[in-house]
Amino acid sequence: MENIIIEMKNVHKSFGKHQVHKGINIKVPQGGITVILGPSGTGKSVLLKEMMGLLMPEKGEVIVDGVDITKISKVELVNIRKKFGMLFQNAALFDSMTVYDNVAFPLREHTKLKEKQIREIVLEKLRLVGLKDVENKMPSELSGGMRKRVGLARAIVLEPKIILYDEPTTGLDPIMRDVVDDLIYNTQKQLNITSVVISHDIDSAFKIADYMAMIYDGVTVLNDTKENFKNSDNPYVRQFINGSKDGPIKMF
Amino acid sequence: MNRVLSLIGAPILNLALESGRIFLLLIDSILWIFRPPFRWKLLIKQMEFIGANSISVIILTGTFTGMVFAFQSYIGFHKFGAEYMVGTVVGLGMARELGPVLSAIMVAARAGSAITAEIGTMKVTEQIDALHSLAVDPVQYLVTPRILAGLLVMPLLNSIAVFCGVVGGYFVGVKILDINRTLYLQYMYQYVDLSDLYNGMIKSVVFGLILTLIGCYKGMAVSGGAEGVGRSTTESVVLSCILILVFDYILTAFMF
Ligand SMILES: Nc1ncnc2c1ncn2[C@@H]1O[C@H](COP(=O)(O)OP(=O)(O)O)[C@@H](O)[C@H]1O
Ligand SMILES: [Mg+2]
Numbered sequence: 005m006e007n008i009i010i011e012m013k014n015v016h017k018s019f020g021k022h023q024v025h026k027g028i029n030i031k032v033p034q035g036g037i038t039v040i041l042g043p044s045g046t047g048k049s050v051l052l053k054e055m056m057g058l059l060m061p062e063k064g065e066v067i068v069d070g071v072d073i074t075k076i077s078k079v080e081l082v083n084i085r086k087k088f089g090m091l092f093q094n095a096a097l098f099d100s101m102t103v104y105d106n107v108a109f110p111l112r113e114h115t116k117l118k119e120k121q122i123r124e125i126v127l128e129k130l131r132l133v134g135l136k137d138v139e140n141k142m143p144s145e146l147s148g149g150m151r152k153r154v155g156l157a158r159a160i161v162l163e164p165k166i167i168l169y170d171e172p173t174t175g176l177d178p179i180m181r182d183v184v185d186d187l188i189y190n191t192q193k194q195l196n197i198t199s200v201v202i203s204h205d206i207d208s209a210f211k212i213a214d215y216m217a218m219i220y221d222g223v224t225v226l227n228d229t230k231e232n233f234k235n236s237d238n239p240y241v242r243q244f245i246n247g248s249k250d251g252p253i254k255m256f
Numbered sequence: 002m003n004r005v006l007s008l009i010g011a012p013i014l015n016l017a018l019e020s021g022r023i024f025l026l027l028i029d030s031i032l033w034i035f036r037p038p039f040r041w042k043l044l045i046k047q048m049e050f051i052g053a054n055s056i057s058v059i060i061l062t063g064t065f066t067g068m069v070f071a072f073q074s075y076i077g078f079h080k081f082g083a084e085y086m087v088g089t090v091v092g093l094g095m096a097r098e099l100g101p102v103l104s105a106i107m108v109a110a111r112a113g114s115a116i117t118a119e120i121g122t123m124k125v126t127e128q129i130d131a132l133h134s135l136a137v138d139p140v141q142y143l144v145t146p147r148i149l150a151g152l153l154v155m156p157l158l159n160s161i162a163v164f165c166g167v168v169g170g171y172f173v174g175v176k177i178l179d180i181n182r183t184l185y186l187q188y189m190y191q192y193v194d195l196s197d198l199y200n201g202m203i204k205s206v207v208f209g210l211i212l213t214l215i216g217c218y219k220g221m222a223v224s225g226g227a228e229g230v231g232r233s234t235t236e237s238v239v240l241s242c243i244l245i246l247v248f249d250y251i252l253t254a255f256m257f
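Going down the list, the sequences are from chains X and U.
Start counting the first sequence at 5; every next residue gets the next number (this note's numbering).
Start counting the second sequence at 2; every next residue gets the next number (this note's numbering).
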């Protein structure tokens, strides 16, 4: 198999008594899009946060670029994080800053660019996510879908090596969904970076994915290429692909 | 027996844990003062928020405290005909005790609570995580500017409170209670030293540290949505005020 850039080995995580991960194993190959599927509340967002060390598992390894990030110092972790960009599920925009300042924030923190260049880049990224004339608005003045796209612009503005997207298309209208899918796809292909996308949407997953993984009840059900995933006869995977309430996945 | 032990043990363990965490946050934020990048803009913004926006509250607090204090001490001194000592007592009391403590408690209620609410909201809406994800240390970005602003601004607010208190005391003593103006001022000049002012200033630096540190700590420790933010905000003000009073005693005893 290809170069693995992120690998999670036997990851366990609980909040109080609630066990969220009971042995997650996922490999993210470099230079492709890995889509992670799973019902709500199975700990997909937690998984993404563990990948960049925002949450630490109690047990198991998270290996990024050959380094187990559960065992390194805070300073080293900060340096590892510079490889990442992340779109949070609820966008997590800084609500005391304008849209423009939100997107400019990573550039101001980590580059020495002049304000004029920053302005060009910010407006370009906002245009890429389909936003115009919003740069002076505050995040609270935007709709949920618009906030998400600002978050997307902020995540990709430094063109990091690895981009993590937490449900990038949830809450968008069908047209915007297609725009964002295309954006994720093209960003990955043009820059040859690694993308990890969490999704509910099986159609868009098949459209953009190179690799897929499904988690359910705290463990990895399947992690394979898109083709193998599509043709898998695993009953969990089949139920999720068919979108049926009957099967081994119990929602109640 | 076990239950009795755990009933005693749990709060003590909690207290130790919490003090440890607060101390670690203090060390961390102080280390960031000396490491770049220096966040001048954020510091100025916080000085404005904690300091400039508190001035009207501090003026009111200082003036009224001085005025009340003049009335109350007049009652005592009147009994042995030493009314002219009112100015001295108001000056000493404001400079050494009432100025620093009351201004700190007012600022804890005003700015300390707002700090907790703001950072706590950032915590529950994942903005703190977002800072982490952008490889920016939240302690360096959020906590250090606030603590530094608290340290710098509290002594200034204290001097305003002391000044207003003394003016308020003079107004009540000389204008309302008709104490001899010359004696009033003469005794005040004679018995209130610069060292009394220093004394109060040292206190207010420490109080400024306490209320911003606790405000930030309680904000970072929020969990559980909007309700959690509310709970932590209350806890922040209560804990700040208690610590201000406790450290007031400790500092007073030391500088006695
Ligand atoms: N910071 C946290 N503290 C406590 N519980 C959490 C925290 N983050 C997530 N959880 C819990 O972990 C579970 C999985 O959450 P999440 O990863 O958001 O699910 P998903 O993204 O798959 O819908 C949920 O039950 C949630 O309540
Ligand atoms: Mg989620």
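Honestly, I wouldn't trust all of these hints.
What the hints assert, rightly or not - Listed below are several chain X residues computed to face chain U (Cβ distance under 10 Å; list not exhaustive):
1. 56
2. 83
3. 95
4. 99
5. 117
6. 252
Source of the hints: derived by calculation from the structure; they are not laboratory data.
Virtual Cβ for every residue (Gly too), placed ideally from N, Cα, C.
Tested hints:
1. Using the Cβ-Cβ criterion of 10 Å, the hint placing residue 56 of chain X at the interface with chain U is satisfied: the shortest such distance is roughly 6 Å.
2. Taken as an interface hint, residue 83 of chain X checks out: its beta carbon lies about 8 Å from the nearest beta carbon of chain U, inside 10 Å.
3. Look at residue 95 of chain X: its Cβ gets to within about 9 Å of chain U, closer than 10 Å, so that hint holds up.
4. Given hint, residue 99 of chain X at the interface with chain U, holds; its Cβ is 7 Å from that chain's nearest Cβ, closer than 10 Å.
5. Contact between residue 117 of chain X and chain U, as hinted, is not supported at the beta carbon level, the nearest pair being about 15 Å apart and thus beyond 10 Å.
6. At its closest, the beta carbon of residue 252 of chain X sits 32 Å from a beta carbon of chain U; the interface hint therefore is violated under the 10 Å criterion.
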